[in-house]
Each structure stands twice: as structure tokens, then as C-alpha cells.
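Q: Construct all of the structure, not just a fragment, from the sequences and the given hints.
Chains as they are written, first to last, in the working numbering: chain C, 18 to 322; chain V, 23 to 334.
There's no promise every hint is true.
To be verified - The calculated DSSO-like cross-link candidates involving lysine-lysine, where the alpha carbons are at most 27 Å apart (straight line), are:
| # | chain 1 | residue 1 | chain 2 | residue 2 |
| --- | --- | --- | --- | --- |
| 1 | V | 36 | C | 210 |
| 2 | V | 108 | C | 210 |
| 3 | C | 210 | V | 102 |
| 4 | C | 210 | V | 105 |
| 5 | C | 151 | V | 102 |
| 6 | V | 36 | C | 151 |
Quick caveat, the hints were computed from the structure, so don't treat them as lab data.
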Amino acid sequence: MQQIPKEMFQPASVDLSEAEKISKPSLSYWKDVSIRFRKNKLAMFGLVLLVILVFMAIFGPYMTKYDYATNDLMSTNQPPSAKHWFGTDELGRDVFARTWYGARISLFIGLAAALIDLFIGVLWGGIAGFRGGKTDEVMMRIADILWAVPYLLLVILLMVILGQGLGTMILAMTITGWINMARIVRGQVLQLKNQEYVLAAQTLGASTSRIMFKHLIPNAMGPILVTLTLTIPSAIFTEAFLSYLGLGVPQPLASWGTMASEGVQALQYYPWRLFFPATFICLTIFAFNVVGDGLRDALDPRLRK
Amino acid sequence: MAEKQKLIEIKNLKQYFNVGNGQVIKAVDGVTFDIYKGETLGLVGESGCGKSTTGRTIIGLYQATAGEVLFNGVSVHAKKSAKELKELKRKMQMIFQDPYASLNPRMTVADIIAEGIDIHGLAKTKEERMKRVYELLETVGLNREHANRYPHEFSGGQRQRIGIARALAVEPEFVIADEPISALDVSIQAQVVNLMKRLQREKGLTYLFIAHDLSMVKYISDRIGVMYFGKMVELAEAEELYRNPIHPYTKSLLSAIPHPDPEIERTRRRTIYDPSQHNYKEGEQLEFREVALGHFVLCSEEEYKKYKAMYS
Numbered sequence: 018m019q020q021i022p023k024e025m026f027q028p029a030s031v032d033l034s035e036a037e038k039i040s041k042p043s044l045s046y047w048k049d050v051s052i053r054f055r056k057n058k059l060a061m062f063g064l065v066l067l068v069i070l071v072f073m074a075i076f077g078p079y080m081t082k083y084d085y086a087t088n089d090l091m092s093t094n095q096p097p098s099a100k101h102w103f104g105t106d107e108l109g110r111d112v113f114a115r116t117w118y119g120a121r122i123s124l125f126i127g128l129a130a131a132l133i134d135l136f137i138g139v140l141w142g143g144i145a146g147f148r149g150g151k152t153d154e155v156m157m158r159i160a161d162i163l164w165a166v167p168y169l170l171l172v173i174l175l176m177v178i179l180g181q182g183l184g185t186m187i188l189a190m191t192i193t194g195w196i197n198m199a200r201i202v203r204g205q206v207l208q209l210k211n212q213e214y215v216l217a218a219q220t221l222g223a224s225t226s227r228i229m230f231k232h233l234i235p236n237a238m239g240p241i242l243v244t245l246t247l248t249i250p251s252a253i254f255t256e257a258f259l260s261y262l263g264l265g266v267p268q269p270l271a272s273w274g275t276m277a278s279e280g281v282q283a284l285q286y287y288p289w290r291l292f293f294p295a296t297f298i299c300l301t302i303f304a305f306n307v308v309g310d311g312l313r314d315a316l317d318p319r320l321r322k
Numbered sequence: 023m024a025e026k027q028k029l030i031e032i033k034n035l036k037q038y039f040n041v042g043n044g045q046v047i048k049a050v051d052g053v054t055f056d057i058y059k060g061e062t063l064g065l066v067g068e069s070g071c072g073k074s075t076t077g078r079t080i081i082g083l084y085q086a087t088a089g090e091v092l093f094n095g096v097s098v099h100a101k102k103s104a105k106e107l108k109e110l111k112r113k114m115q116m117i118f119q120d121p122y123a124s125l126n127p128r129m130t131v132a133d134i135i136a137e138g139i140d141i142h143g144l145a146k147t148k149e150e151r152m153k154r155v156y157e158l159l160e161t162v163g164l165n166r167e168h169a170n171r172y173p174h175e176f177s178g179g180q181r182q183r184i185g186i187a188r189a190l191a192v193e194p195e196f197v198i199a200d201e202p203i204s205a206l207d208v209s210i211q212a213q214v215v216n217l218m219k220r221l222q223r224e225k226g227l228t229y230l231f232i233a234h235d236l237s238m239v240k241y242i243s244d245r246i247g248v249m250y251f252g253k254m255v256e257l258a259e260a261e262e263l264y265r266n267p268i269h270p271y272t273k274s275l276l277s278a279i280p281h282p283d284p285e286i287e288r289t290r291r292r293t294i295y296d297p298s299q300h301n302y303k304e305g306e307q308l309e310f311r312e313v314a315l316g317h318f319v320l321c322s323e324e325e326y327k328k329y330k331a332m333y334s
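A: Spelled out as C-alpha cells, the structure:
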């Protein structure tokens with residue numbers, strides 16, 4: 018073996034401050050999430066679809082010269098053509114205009130219901146989970162009782178008392194809708210509140226609201242966001258379902274649900290009247306579901322590479 | 023230490039947990055001891071013997087079932103105004119066991135360290151706040167570039183030092199270290215313990231050091247308390263405890279320390295502790311008695327005489 022002469026060795030300089038260096042660029046939590054989300058092709062497709070749908074809901078009604086409510090009895094039940102892109106319905110109203118107008122109502126109902134669910138659910142579940150003991154017991158039993166009320170009966174009762182309309186619809190959905198969110202948040206809070214960083218905040222003298230909003234809710238954001246994105250399609254679906262039963266928004270307002278419900282009566286002769294609203298209901302629900310799925314994967318720190 | 027000033031007095035502290043079905047777990051069952059200003063009191067014992075619960079009850083994370091904890095003569099658990107409570111919380115801080123769970127993953131290091139500063143309003147301006155954060159980072163041997171990073175980017179030892187910086191931010195007098203090194207690599211353990219020793223010298227801190235690593239406890243502690251099933255069985259100066267263990271459980275615990283010398287290690291025999299060996303009679307009073315100066319043992323009247331005779 019060849020001898021290595023002593024002169025060839027050089028003492029390495031050890032700089033202790035170098036040992037503490039982190040060379041990886043600093044990534045905030047949300048940057049990390051967005052990188053992982055963008056890697057998920059299906060979720061990205063869903064997101065693009067959603068953007069298009071929202072864009073059309075906002076600008077769609079202005080793209081055609083027809084109004085969603087104006088009857089034109091000279092051209093009823095027209096098939097899709099250059100004049101009426103999605104055809105017309107039995108009163109000669111332009112289906113293209115009505116579809117995008119309906120998109121506004123459907124998406125609005127979905128978003129409003131989901132946001133109200135979010136607000137009530139996070140507060141209710143957060144307080145129940147954090148306080149624990151008797152408070153938790155009482156609050157969750159109230160939720161259980163509400164959950165046990167037959168949903169359709171409740172909706173029909175509300176419709177009878179308050180009259181049909183957008184507000185009633187949203188109220189009907191949120192009166193039991195928040196329970197799901199509350200349960201998820203409660204579970205998360207129960208799990209997180211014994212984490213040492215919460216104990217550390219307590220020993221520092223942090224107030225309950227500070228612990229709630231700085232420590233518990235940010236760390237439960239993943240499941241909350243996922244539940245939120247899955248609440249929206251279920252609200253849209255419920256709206257369509259209620260409309261189908263004739264409990265939807267009143268005429269001449271259009272929602273995808275009421276349009277589908279009317280379209281089904283003319284299915285044999287004028288199938289496009291069902292086709293368009295039904296397709297968009299499906300697309301929207303699909304898009305929200307894949308985005309929700311993608312978010313769940315992206316938000317889960319266990320999948321962090 | 024010329025004169026010993028009591029900083030914390032713990033009197034007959036009890037912490038029971040109701041686990042349902044009418045069952046009660048006596049996690050801490052009548053513990054009495056004092057902690058003097060500027061000293062390090064080590065607390066050792068096997069897993070589940072109530073060391074951590076004692077620490078958490080002292081700092082007020084749990085409401086004590088019975089007994090009293092006095093900090094500078096002020097009761098920790100008595101009802102107080104929000105202001106008094108805040109003032110008290112500022113003076114007592116805690117370093118946690120798991121460096122991975124003790125830092126909020128959604129906050130930057132600067133926000134974590136400044137949490138106490140924010141809560142107690144210790145910095146008037148943003149610049150002052152950041153200045154404090156940089157100072158604290160440097161105190162624990164990290165640099166200011168770390169301030170804007172997130173906890174997951176750090177190693178266990180670094181995280182533990184961030185936890186120490188967070189506790190120091192409010193300038194406490196008393197720090198409870200709840201197994202601060204047991205989750206760390208051996209080479210990093212020394213680093214963290216030496217940091218704690220240095221901080222104690224510089225800032226005159228008082229520590230309650232909870233651990234189950236006996237050699238590390240001996241290294242850092244002035245006095246050591248041994249706990250067994252919710253009770254303190256022996257309390258003495260560190261050297262004294264190692265030289266003259268009296269309670270059979272302490273003897274058993276000390277016999278479990280591995281020896282670096284292989285010759286001795288080969289012949290080392292563990293003494294097994296069996297609680298029934300005391301043969302306590304019905305109605306015999308077990309008390310914490312001072313066998314020698316500053317050396318307390320949990321024993322019966324009869325044992326006390328025996329120990330006393332053995333000692334002299």
C-alpha cells in the first residue's frame with residue numbers, strides 16, 4: 018500500500034457556527050402545500066374547472082343578448098343553435114343565459130351554506146373540544162339531537178313557515194349542516210389541546226382565545242378546509258335535490274336544480290333542457306370533490322417529503 | 023450557598039385523576055418538599071411515577087386535588103386576579119420533553135420565541151420585539167437567520183434550544199425542565215445540559231429538573247428527590263444520595279446505573295425493589311423523616327430508628 022506522507026494532511030477548520038446553518042431555502046407551510054397541490058394533476062384539473070365555472074357564472078349571462086327571465090313564446094323549446102347556444106325552454110327562455118344565471122345561484126347557495134357551516138361549526142366544535150367535560154357533553158348532545166331530526170321534514174316545515182326562497186334554502190341547509198364541521202373541529206381540538214406547544218402557551222399565560230386562534234385552529238386547518246370543500250358540493254347537490262322536489266327557488270329565478278327538474282318533464286322530446294344543467298351540476302360536484310381530495314393530501318404533513 | 027432562601031414550597035401536594043368507572047389514579051399522592059433559590063433540584067423515578075405530573079401541577083397546568091404550592095409565599099392554585107396570575111406565570115416557565123411536539127408547526131421561530139413577549143407586552147415596538155428575539159436566539163447558540171424559519175427545519179437539539187429561548191423570553195426565576203434531554207441524542211444532551219447550566223449561572227435561575235437518566239441528573243443537580251408511585255421516597259444532596267442511599271427503592275435505582283468500566287460492569291448486580299419488603303404493620307404511619315441533616319426518607323417510625331442507627 019502506498020504511504021501517504023504527513024504533509025498531505027491538513028487540519029480541517031471546524032467552525033461551530035457553521036454547524037447550525039440550514040442551507041435549504043426557507044419554505045412556509047403554505048408554500049409547501051401549494052407545491053404538493055400542484056403536483057396532483059387531477060386536483061389541478063378540478064381547480065381549473067372550478068375557475069372556469071366561476072368565471073362563466075360571473076360573465077356567462079352577459080355573453081348572450083338574451084335575458085334569463087324574458088319569455089319568447091315564438092321560439093319555445095328550440096334545440097341548441099347559433100342563436101340560442103344551449104337552446105330554449107318551454108317559455109322560450111334562453112337556456113345558456115339561464116344556465117349561467119343558475120350557476121350563480123347554485124354556487125352562491127353552496128358557498129354561503131359552507132361558510133355559515135364553517136363559522137358555526139368551528140366555534141361550536143372548538144369551544145366544546147377545548148372546554149371539555151360538562152360543556153362538551155352538553156354542546157355535543159345538542160348537536161346530536163339536531164342531527165336526529167329528519168332533515169327533509171325540517172326543510173319542508175321551514176319552507177311552509179318562511180316561504181320558498183334563497184334565504185330559507187340556505188337556512189334549511191345550515192340548520193343541521195354545521196354539525197359535521199363541529200364534530201371534526203372538536204375531534205381535532207381534543208387531539209391538539211394536549212400537545213406540548215399548547216401547554217407551553219398556557220404556561221406563558223396565553224388567553225383561551227389566543228390558544229384557540231393561534232394554536233388550535235391553524236393546526237386543524239387541514240381537516241377544516243377539506244370538510245369545507247366537501248360541504249360545498251353537498252350543498253349544491255341538496256339544492257338541486259330540493260328543487261327537484263319542487264322546494265327550490267321560485268320562478269322566474271333559475272338554479273341548476275330547478276332547471277333540471279323542469280327539463281326532466283320534457284326529457285323525451287327536448288333532452289338538452291336536462292342535459293345542460295345536469296352536466297354542470299356533475300362537473301361542479303366533481304371539481305369540488307377532487308380539489309378537496311387534493312387539498313387533503315397536500316395539507317397532510319405526514320406526506321411531506 | 024451561604025443562606026438558603028426558599029423559592030418554592032410544596033406542601034402535601036396531591037393530584038388525582040378521575041379515569042371514569044369510579045376509578046381514581048393517584049398520580050401524585052402527598053408530596054412535600056422545598057426548592058431553594060438558585061439551586062437545581064433533580065427529580066427522578068421510573069416512568070409513570072408522577073414526576074411530570076408533579077411538575078405540571080406545580081406550574082398550574084393542573085389544578086391540584088389537595089395541598090399547596092407556594093411561590094415566594096404566593097399560592098399558585100388559589101384564586102387570583104388575571105393580573106396576578108399573569109405575573110406569576112411570567113416567573114415560572116417550563117421546558118418540555120418532546121422537542122417535536124413542543125413547538126407549534128405553523129408558527130415561525132420568531133413568533134414562537136416572542137409568544138411570551140407578546141402575551142406579557144414586554145416589547146413596545148416591532149423592532150424591540152425582534153431585537154429581543156435575536157438576543158434570545160444568540161443566547162441559546164442559534165443565529166438570527168433562523169428567526170423566520172419553521173420548526174420542522176430544525177434538528178431535535180436545535181428545537182429544544184428554541185424551546186429554552188421561548189421560556190427565557192419572559193425572564194423567569196424558576197424553570198421546570200420536564201425531561202428536557204430524554205428525547206435527544208447523547209452528544210446533544212450534553213450540549214443542552216451545559217447550556218442550561220450556563221444560563222443558570224448567568225441569570226440566577228432555579229431549576230426543577232425532571233429526568234430518569236440518573237448520571238445526567240447527578241451532573242446537573244444540587245439536590246435530588248426520588249419518586250416512587252406518586253410519593254417522594256428520598257430527598258438529599260446529590261452527592262449524599264449517591265454515597266448513602268437509604269431507602270431500598272433508591273438503592274435499587276442506583277444499582278441500575280451502568281458502569282463505564284467493563285470489569286466492574288461485569289460484576290454489577292441489580293438489587294430489585296419489592297414494596298412488600300418493608301413489612302409495614304396495619305396502621306403504621308409512613309412519614310417523610312429527616313434521617314440526617316437535609317436527608318429525608320419516607321419511612322415508618324421503626325424504620326426511622328433503624329436508618330438512624332445505620333447512619334451514625
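Q: Hints first: check each against the structure and report whether it holds.
A: Hint-by-hint comparison with the structure:
1. A C-alpha spacing of about 23 Å is found between residue 36/V and residue 210/C, which places the hinted pair at or below 27 Å, so the restraint holds.
2. Taking the CA atoms of residue 108/V and residue 210/C, the gap is about 20 Å. The hint holds against a cut of 27 Å.
3. For the hint pairing residue 210/C with residue 102/V, the CA-to-CA distance comes to about 24 Å; that is within 27 Å, so the pair holds.
4. Restraint check for residue 210/C and residue 105/V: the C-alpha separation of about 24 Å stays at or below 27 Å, so the hint holds.
5. Distance check on the hinted pair: residue 151/C and residue 102/V sit about 24 Å apart at the alpha-carbon level, within 27 Å; holds.
6. In summary, the hint linking residue 36/V to residue 151/C is supported, as the alpha carbons are separated by about 23 Å, within the 27 Å threshold.
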